[in-house]
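Visitor: Residue numbers (numbering that gives the first Met the number 0), protein chains in the order written: chain A, 0 to 215; chain B, 0 to 568; chain C, 0 to 299.
Wrong hints could be hidden among the right ones.
Within a straight-line C-alpha distance of at most 16 Å, the following computed EDC-like cross-link-like pairs (lysine to aspartate or glutamate) qualify [said to hold, decoys possible]:
(1) A/Lys111 with A/Asp60
(2) B/Lys28 with B/Glu536
(3) C/Lys171 with B/Glu544
(4) B/Lys359 with C/Glu40
(5) C/Lys262 with A/Glu13
(6) C/Lys262 with C/Asp241
(7) C/Lys171 with B/Glu536
(8) B/Lys28 with B/Asp533
(9) C/Lys262 with A/Glu47
(10) A/Lys118 with A/Asp176
(11) C/Lys171 with C/Asp223
(12) C/Lys262 with C/Asp248
Since the hints were made in silico from the structure, they are not lab data.
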Amino acid sequence: MNRDAHAHQFDTAEQQDAAARLGMWTFLLTEVLLFGGILTGYAIYRAEHGDAFTAGSARLDFWLGFINTAILIASSLTMALGVHAAEHRRHRLLMFFLAATMLLGAAFLGIKAIEYAHKIHERLLPGPLFAPAAPGARRLELFFSFYFALTGMHALHMLIGIAILAVLLVMVARRPDAPSIHRRIEVTGLYWHFVDIVWIFLFPLLYLLGPAGPAR
Amino acid sequence: MTDADADAETDTGTATTAATVTTDAAGAKSYLNAGFGVTSWLLTRDHKRIGILFLVTLTLFFFVGGLFAVLMRIELLTPPGEIFQSETYNKLFTMHGVIMIFFFLIPSIPTVLGNFLIPIMIGARDLAFPRLNLLSWYVFVAGGLFTLAAVVAGGVDTGWTFYTPYSSVYANSRVVLAGVGVFISGFSSILTGLNFLTTIHTMRAPGLTWFRLPLFVWSIYATSIIMVLGTPVITITLVLLLLERTLQIGFFNPSLGGDPVLFQHLFWFYSHPAVYIMILPGMGVISELIAAFTRKRVVGYPFIAFSSIAIAVLGFLVWGHHMFVAGQSVYAGMVFSLLSFLVAVPSGIKVFNWTATLYKGSVSFQTPMLYAFGFIGLFTIGGLTGLFLAAMGLDIHVHDTYFVVAHFHYIMVGGMVMAFLGGIHFWWPKITGKLYPEGWGRLSALIIFVGFNLTFFPQFILGYLGMPRRYHAYPEELQILNVLSTAGASILGVGYVIPLIYLFWSMRYGRTAGANPWAAQGLEWQVPSPPPVDNFETRPTVTDEAYAYPMRGDPAVQEGMRKTTEMPP
Amino acid sequence: MAGAVDGLFWFLAALSAALSVLIFGLLIAFAIRYRRRAPGERAGVARIPLGLELAWTFIPLGIVLAIFGWGAELFIRQLTPPPGAMTVYALGRQWMWEVQHLGGRREINELHVPTGRPVRLIMTSEDVIHSFFVPAFRVKRDVLPGRYTTLWFDAVRAGEYHLFCAEYCGTKHSAMIGRIVALPPEAFGTWLARDEGDAGQPLATAGERLFGALSCTTCHGRDDTRGPSLNGLFGRAVRLRDGSVTTADEGYLRESILQPAAKVSAGFRDEMPPYQGRLSELQVLQLIAYIQTLGAAAPP
């Protein structure tokens, strides 16, 4: 296996690794601006309609959100362990951790789906179907618009991440000696950690607004 | 007409020590004949071919957008505006704006000239991510198809600014289709910027320090920063707008607690830096043209390089100057006004330095240089009228009038499009291996200059007199100025069609170009015209400063000059 | 005010012309003087002193800062109506302007004003964003849904002046035009008093009737037992439940009628039902006009 193999536009494998990392960091910077844009809107409306947003936050399922947060943090751990395994060329271990990360990610999405189903059932889906059972504070619909938009975008990013992990899993299974494995796992790891961090911002901003936390 | 090739016989100086120079003509292996057939182009990873793919697509969009402009100007010949219905006219100006901005101006120089030249200028074989580069083109085409679908399916009439709540609640046109098209095109922009940033950081040839880079590379670098940081915000803003429109959610809808002015803040947070995405590459091209056609290093290299970065940074802080009358707070307005004045200064620095470069230069007047002169003059006027708009008390009067329209067309068309054409002509021999007919080139440059001024100068006056923008009917007393403007537009149109014809013609019948028909400095002129697939046979090592033209006088003076203009370590 | 705006305009025009002539002139002069006279000719060494670079950086900087100050000062004056301004309401909707004088006269796409007296417009939109633009007076202000915006002007000379909508608002945006008719004070008085059939009641009178019809007195009676008293409220500082202080101007009143939960007064609960969607903008104006007449010394 040729550790020095690199794409033809580069001079060395190190140069390609450096470029891949810089490319991923730059991409993550664009994602910061993407989520930042909508979070700015959220922050402005939160300041203006504090009561409604607190009421909306209270109607979210704290425990499901908390479990999801724990799941994501665990998935970041398995991802980091996978990167470590790739670095030491322990391919069976790497495949295990990739699979574990995917499973945890899928679990997150499953719980999210359950949450969404609850909200739709309670008629809190913004749009023509919005009609909460108990009339909460006004502007509730605005809060839920942001809730669905933010968590939906995050879930989309998770889905893409899981798909990439699946592709990598297959790749590692088929060609465990490919020289590009470590580089690809590493930049995927960066992406996965970023998506995790976005959730760590979303969870308190959406679920923990009110004075009441778990007790409702 | 001056024979450019004769100049090439003289001393050009070498900027590299290890590049192999070959000047054989057509028939040699180049990127153009390395594989024929549609798939070799549509699945290429070669940055040069991708640049050409973009050139073809962009030319198409330019003429579609231009057609809409012609139709608009015809409508504006008579005060009551009788040719088109109001609704049609509203769609015309919207689609003119959307296509020209998102599908021509923003991509143009970066995706055509940037793609083609950046790897060569830094001594690399390709960009860092060639497949991402190709993806960028496909994404661009996809976005364009959605937008053209919106045109064909009835058009969109919200103005390119998509202000809410008109666009999200009241408009009856193809807002979603057009919005999706623009949304998709944003990803193309992000991928391109990401590619350039990574490439410039990690793949420069040995010896090519930052301050030895051509100024074009600096300008593309600054542009890429803006592309990467700004575009995601318009992406998410369009998502919110489209969600509001399709699901009746109230992000910007006042009756649901939303704020229509928030849309404007989010929209302009990207769209103002976007105008710097459009102009910075043009400025980079002008620096290259001035150096080549005065045969000397551009004066104030570090000032010009840093002014590009300054414009990129400051450009993010001024978006509120589009909203002085929109209902933002007075204090916010003051901050934006102040910063808008500050961002004018780096542009001025460039103009002064370019002008100073001509002093004691050896100036020639081929087509690219004519475009460069046009740029400096027209950009100066456009930029100065920006001062009118940044002054809050005066903006109240001229905001949303033809004064603004004239201002940005002076910069975008008088500036940016002229820079684009100048760059295309300058690097045409390198890209195609052929020379364009110089006489026709100069003629069209002059026609464009005359047609442009006749079209847009009257619009400053129209704006001051109060003619609002986006109006197809206007008071009778304003007709003469409108007629002048339309007359100019017809001349301008002719000026644009002529190069299309002769550039096409030259690809088959033009004289063969050597490696360096302009006797210019720069790594791109050290490789054959057109370049081989991998650009260089062996990777060059750079030891000289940029624009190391041999000067009159002895080498000691040349050495001394280098020392005074070099940046401290 | 228009004269002051023009002053800045012509100064900038002159400055721009001078700078353009300078740059164009230098370009042409250098291009001619240093044109290439032989193929292979080299350029001459020319060292631009650092002082020159700094000069053309900092002198323009100083100039633009001065222009900023001038423009900002103008802007503040344009935002601040002088005391004694006559208030008129303007409603923008696709694609017409409806003007409401306090005394009840209503105009469509026209606004009659007296000369020599500042006029203050309070405006809102019933649908999309519009913009009230009178080129002759050099004034313009966006007209937003859900909010009041204001502008003021003083028609110095009698005459008719163009009114345009300056923010694209849909199909008939170009047709959302009208005129400002400035009449000498006596002529204006005559016009105002004339009953041409479209003169409604004074806004405040209609407002008083509406106030009763909607049973606002149930909570907003003479004292503060159920809801805050409205006597003398207009223009006063109001302390809110969250501790902040705001001024009870037209915008505050409109918001407190339509969405009272947004700003709850200190010492009260969020109990007032919202009237969003139940009142037209005109009715809100009538109520506001009525509330403005409620002085501190209202009879019991």
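Visitor: All the hints need checking, so say for each whether the structure fits it.
Guide: Structure-based check of all given hints:
Our distance criterion of 16 Å between C-alpha atoms is met by lysine 111 of chain A and aspartate 60 of chain A, whose separation comes to about 10 Å. Pair hint lysine 28 of chain B plus glutamate 536 of chain B holds up; C-alpha atoms about 12 Å apart against a cutoff of 16 Å. Restraint check: the Cα-Cα separation between lysine 171 of chain C and glutamate 544 of chain B comes to about 59 Å, which exceeds 16 Å; the hinted pair is violated. Between lysine 359 of chain B and glutamate 40 of chain C, the direct Cα distance comes to roughly 11 Å. Compliance with the 16 Å bound is thereby established for this hinted pair.
Between lysine 262 of chain C and glutamate 13 of chain A the alpha-carbon distance is near 60 Å, which puts this suggested pair outside the 16 Å criterion. A C-alpha spacing of about 9 Å is found between lysine 262 of chain C and aspartate 241 of chain C, which places the hinted pair at or below 16 Å, so the restraint holds. For a cut-off of 16 Å, the pair hint linking lysine 171 of chain C to glutamate 536 of chain B is broken: about 63 Å separates their Cα positions. A hinted pair counts as satisfied when its Cα atoms are at most 16 Å apart, and lysine 28 of chain B with aspartate 533 of chain B qualifies at roughly 11 Å.
Of the pairs offered as hints, the one joining lysine 262 of chain C and glutamate 47 of chain A holds, with about 10 Å between alpha carbons and a cut-off of 16 Å not exceeded. Simply put, lysine 118 of chain A and aspartate 176 of chain A have alpha-carbon atoms about 47 Å apart, too far for the 16 Å limit, and the pair is violated. About 48 Å separates the Cα atoms of lysine 171 of chain C and aspartate 223 of chain C, which puts this hinted pair outside 16 Å; it is violated. Restraint check for lysine 262 of chain C and aspartate 248 of chain C: satisfied, since their Cα atoms lie roughly 13 Å apart, inside the 16 Å limit.
Against the hints set out earlier in the document, violations occur for numbers 3, 5, 7, 10 and 11.
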